[in-house]
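J.: Sequence:
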Amino acid sequence: MAERVQQPPAKRLCCRPGYSATCRQGQRAAGAPCGGSGASQGGSGKTQNPETLLDIAARKVAEKWPFQRVEERFERIPEPVQRRIVYWSFPRSEREICMYSSFNTGGEETGSNGESIDETRLPFRRGIALLESGCVDNVLQVGFHLSGTVREPATASEPELVCNVSVSFDRCKITAVTCSCGNKDIFYCTHVVALALYRVRKPEQVKLRLPISETLFQMNRDQLQKFVQYLITVHHTEVLPTAQKLADEILSQNSEINQVHGAPDPTAGASVDDENCWHLDEEQVQEQVKLFLSQGGYHGSGKQLNLLFSKVREMLKMRDSNGARMLTLITEQFMGDPRLALWRQQGTTMTDKYRQLWDELGALWMCIVLNPHYKPEQKGFWLRQLRRWNSVDVCPLEDGNHGSELTNLTNALPQGPPGNPDSLTRPHRTVFTRAIEACDLHWQDPHLQHIITEDHYIHYCYHDNLDSSLFDPRGWPLWHEHVPTACARVDALRSHGFPKEALRLAIAIVNTLRRQQQKQMDFFRTHKKELLHKGTTSVTNLEGWVGHPLDPIGTLISTLMESWRNSEEGAAALRDFSGTFRGPLGAGRRMERPVLQTQRFLEEGESLVSLAVETALIGLGQQRVMPDGLYAQEKVCRNEEQLLAKLQEIDLDDTLVKIFRKQAAFLLEAGPYSGLGEILYRESVPMHTFAKYLFTCLLPHDVELTYNIALRAMRLPVLESTAPSADLSRPHHIVSVMPNRLPRWFTLSHIETQQCELASTMLTAAKGDARKLETVLESIQKNIHSSSHIFKLAQDAFKIATLMDSLPDITLLKVSLELGLQVMRMTLSTLNWRRREMVRWLVTCATEAGVFALDSIMQSWFTLFTPTEATSVVASTVMSNSTIVRLHLDSHQQENLANSARTLALQCAMKDPQNCALSALTLCEKDHIAFETAYQIVLDAATTGMNYTQLFTIARYMEHRGYPMRAYKLATLAMTHLNLSYNQDTHPAINDVLWACALSHSLGKNELASVIPLVVKSVKCATVLSDILRRCTLTTPGIVSLHSRRNSGKLMPLDKAPLRQLLDATIGAYINTTHSRLTHISPRHYSEFIEFLSKARETFLMAHDGHIQFTQFIDNLKQIYKGKKKLMMLVRERFG
1 MAERVQQPPA KRLCCRPGYS ATCRQGQRAA GAPCGGSGAS QGGSGKTQNP ETLLDIAARK
61 VAEKWPFQRV EERFERIPEP VQRRIVYWSF PRSEREICMY SSFNTGGEET GSNGESIDET
121 RLPFRRGIAL LESGCVDNVL QVGFHLSGTV REPATASEPE LVCNVSVSFD RCKITAVTCS
181 CGNKDIFYCT HVVALALYRV RKPEQVKLRL PISETLFQMN RDQLQKFVQY LITVHHTEVL
241 PTAQKLADEI LSQNSEINQV HGAPDPTAGA SVDDENCWHL DEEQVQEQVK LFLSQGGYHG
301 SGKQLNLLFS KVREMLKMRD SNGARMLTLI TEQFMGDPRL ALWRQQGTTM TDKYRQLWDE
361 LGALWMCIVL NPHYKPEQKG FWLRQLRRWN SVDVCPLEDG NHGSELTNLT NALPQGPPGN
421 PDSLTRPHRT VFTRAIEACD LHWQDPHLQH IITEDHYIHY CYHDNLDSSL FDPRGWPLWH
481 EHVPTACARV DALRSHGFPK EALRLAIAIV NTLRRQQQKQ MDFFRTHKKE LLHKGTTSVT
541 NLEGWVGHPL DPIGTLISTL MESWRNSEEG AAALRDFSGT FRGPLGAGRR MERPVLQTQR
601 FLEEGESLVS LAVETALIGL GQQRVMPDGL YAQEKVCRNE EQLLAKLQEI DLDDTLVKIF
661 RKQAAFLLEA GPYSGLGEIL YRESVPMHTF AKYLFTCLLP HDVELTYNIA LRAMRLPVLE
721 STAPSADLSR PHHIVSVMPN RLPRWFTLSH IETQQCELAS TMLTAAKGDA RKLETVLESI
781 QKNIHSSSHI FKLAQDAFKI ATLMDSLPDI TLLKVSLELG LQVMRMTLST LNWRRREMVR
841 WLVTCATEAG VFALDSIMQS WFTLFTPTEA TSVVASTVMS NSTIVRLHLD SHQQENLANS
901 ARTLALQCAM KDPQNCALSA LTLCEKDHIA FETAYQIVLD AATTGMNYTQ LFTIARYMEH
961 RGYPMRAYKL ATLAMTHLNL SYNQDTHPAI NDVLWACALS HSLGKNELAS VIPLVVKSVK
1021 CATVLSDILR RCTLTTPGIV SLHSRRNSGK LMPLDKAPLR QLLDATIGAY INTTHSRLTH
1081 ISPRHYSEFI EFLSKARETF LMAHDGHIQF TQFIDNLKQI YKGKKKLMML VRERFG
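As numbered in the UniProt record's numbering, residues 1 to 1136 make up the sequence shown, in order.
Hints are computed from structural coordinates only; laboratory data are not their basis.
Each hint should be verified, as a subset may be incorrect.
Subject to a maximum C-alpha distance of 20 Å in a straight line, what follows is the list of computed SDA-like cross-link-like pairs (lysine to any residue) [claimed, not checked]:
1) Lys662 - Ser607
2) Lys1056 - Gly1068
3) Lys926 - Ser882
Since the model is a prediction, treat every value here as computed from it, not as a measurement.
Let the hints inform the model, and build the full structure from the sequences given.
T.: Below, the structure is given as structure tokens:
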């Protein structure tokens, strides 16, 4: 990181009143290298000589005391002592330098796109490369100030860059940095890293001088004047104005500079009042966070913010005060995000990823205020900050819901003593509320102190009758506290660099959970009959541990697994006979892995891994209430998946399998305390995902136990129609008192999907076992309420049963069919866009199952299918050639199956003739009696239940099948339902009318004479009537008769019935249409109207006096519509 301004003036004023010029004259003014004392210089020297007492003392003073206090404490400090203090004041560890120059200390660095980037591009790695390639020169340490030049070699795209770097330090911390490279970033730039590492790795090559004030103190007047004049000469362009200004002020008796004793020295170290902390560019932290927030989650900004949070945790672990300081800066920017007010105003929720960032922010503050070594004034300062942020209107709520302030009895039941008068008031809890509450916690409890500080804290005075006993029967310590709060303590200990203490407390908490689990099971066994009779459940912890904002189970697992990994790595390092641990940074440092004698608090054969696994199983199996709000419910699902992912990383051995079996048995027998117990609260979080994992792990080891777990977990009582009876007399007796709660299960779709996957897993495993398949089927039918999920299970079972490389599994095939039938019954009276797919699949499944299955679904079709589905899909598929070939049927079987299909078709036609009559006729073609029956059904329904479109369709079918008279009959029936107005010249039924007239004409004069009155009555459209009239005059009736009946061969006259009636109707239709069109005609339609009159004239002229009629008609128009002058002029031009 490079400063953009000049280094600030010295923090304190330096003077030496107790020194005289004479005592300084004999002292050596020249400098010496940093390692000039001949000491071993810590870890940098190769010699085995012991350190001198001077170095030991100087190192301790350099770490703890500001140099001003040293000067004030002693009247005269010998120069060798000063040199050793100044020497030891520079940081000696590379770890902090790396922490302040990279997002991730020595580990894998992640780019903005989420992918790992080349480590050689990190500032720390590049600084090492510059150091090792000899690019650091002119290194000089003057007091507590280090300077030098760093040369960055030229590249193909960039010229060589030489940077002037300076570093101030105090008590082994870098307190200020300046680099001329101009880079702007949160962390130290490459050049600062290179200079600092040069001082750490090559201290003997650095020239060391005492603070410049000490050197000046040794000069007489002439030397001082020469020094100043040379300094001004060398840098006259930069310092001459400043030098003259200072000279004027010093020469002025009343100037401010003469009122101050001493003069500033930038190399003299820190004053007593200065805070001792590493340099952190607050402005850059704020700018970077604001930039990331403004990007709204794009360009990997969310990942960058998470990396900043990781950096805060890293600082806390190093016990660096900048951790809280940096988190404060981040929080201020989060609170100032303008989107918070916008979302609040619009009533919308923040994005899920942004919401997770707020969760991490709250968790980090929880860690900070639980620092076991905090100072009271620090805690008071943090509490004031948190309360200020908590009081802001836009501060996000813990559950993610801004607008959900309705009273919710489920979450508002008292968590404290029974009878709380405010138990029905929903608390307003923000992301900072838990941290504010944690400020009331302390670490002074003697029992807690013994737990976290002693490996051998054991007591054998055990009292089994006390629920809050401090020790278990083995004498091992227990810690009774609200579990998430206790785990927050563990997280705080880990976060602040106390891994041994965190592990001790974590083991005590897990032992407490195990004891509590055993007591709960014993209680349920004692009161089982009473609880089962009541049919209610007792949820002792309304805050579920999985999905909790503090992630207690995840914290315990991480602590145990991290300690186990560290102990394994530590043991490996010891086996390599190396006393130092060379980490990923490449710097030698003492091994810091905690070696804890944890076996004392573990059962024989147990390990930290087995304890972590058991903790996960206890937490995941806890019966807990589904929380309110979309985000809180999604967090439950996400946290469960995260815990299962951690478990899946662990290879199961015999010890872990025993734990799985023990916990599975516990969960089955723990009654209302377990999500897999016999008594389940209606709104408890389902166990499907967890049970699926248990099923997969335990199946090779204990089949019966595995299926018992999975079958018990299939329950989803929130979808059941009946709920347990209410019993509010006991505050912890939870029942459902909100019938409208169901819509608030925002993750219900995901839950049902997990339930379906669990069932599918069981079906797959149960293949070949008829008894288990039957049990699984019953469970599915009882517990799964979604037709789409049952359909998926049916499809899965069908695929498994009919694998290509094996014979069909008949039992599993029957299960598939049974599930398919259930889907049909569930979706029969409801709308489902996949219904047609379901019907086709069921027929396929029944076909695979055999003739009996097909016959069965046709016999009971009315409970499974609509009439249309039964005829168009089921019966049609059954009678297809492909089905006959697939089933290898003989003629007798074919006939029986066909009879069933025809019977189905006739039943459907009677129930729904409009949609099934044609299908029934088609299916019954090969059976005369059935065909006649279907035809009679059509005739019976023609007058009441069928429209003209359906009748015309069936009539055309009859003509196609060679039944023209039946077609004629149906066509006349269709005509009675038809009504075409004058302006419907594009009506879709026109073709059917023309076809019906052509059919009647082809059958003979009598048939035509019968149909024309129907046409005249039903059709008022002039163009359609004229078209029919022309067709009837072109050929003689009956000439295309299918029965080859004789006809007279003469055209029918227009002046006699029935064509006379048709002609008069056509002329009348033209007259009426003309008047109707003229009522609302516009000029742009004039030419079209003239063409219409031309067609009308053609029809008029077909009558014997048609010319006279048309002339009178035109004259009449001219008289009536004489106001339409332009139109009438066009009429006269065309028609006279």
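J.: If a hint holds in the structure, say so; if it doesn't, say that too.
T.: The hints, checked one at a time:
| no. | hint | verdict |
| --- | --- | --- |
| 1 | Lys662 - Ser607 | holds, 16 Å |
| 2 | Lys1056 - Gly1068 | holds, 17 Å |
| 3 | Lys926 - Ser882 | holds, 18 Å |
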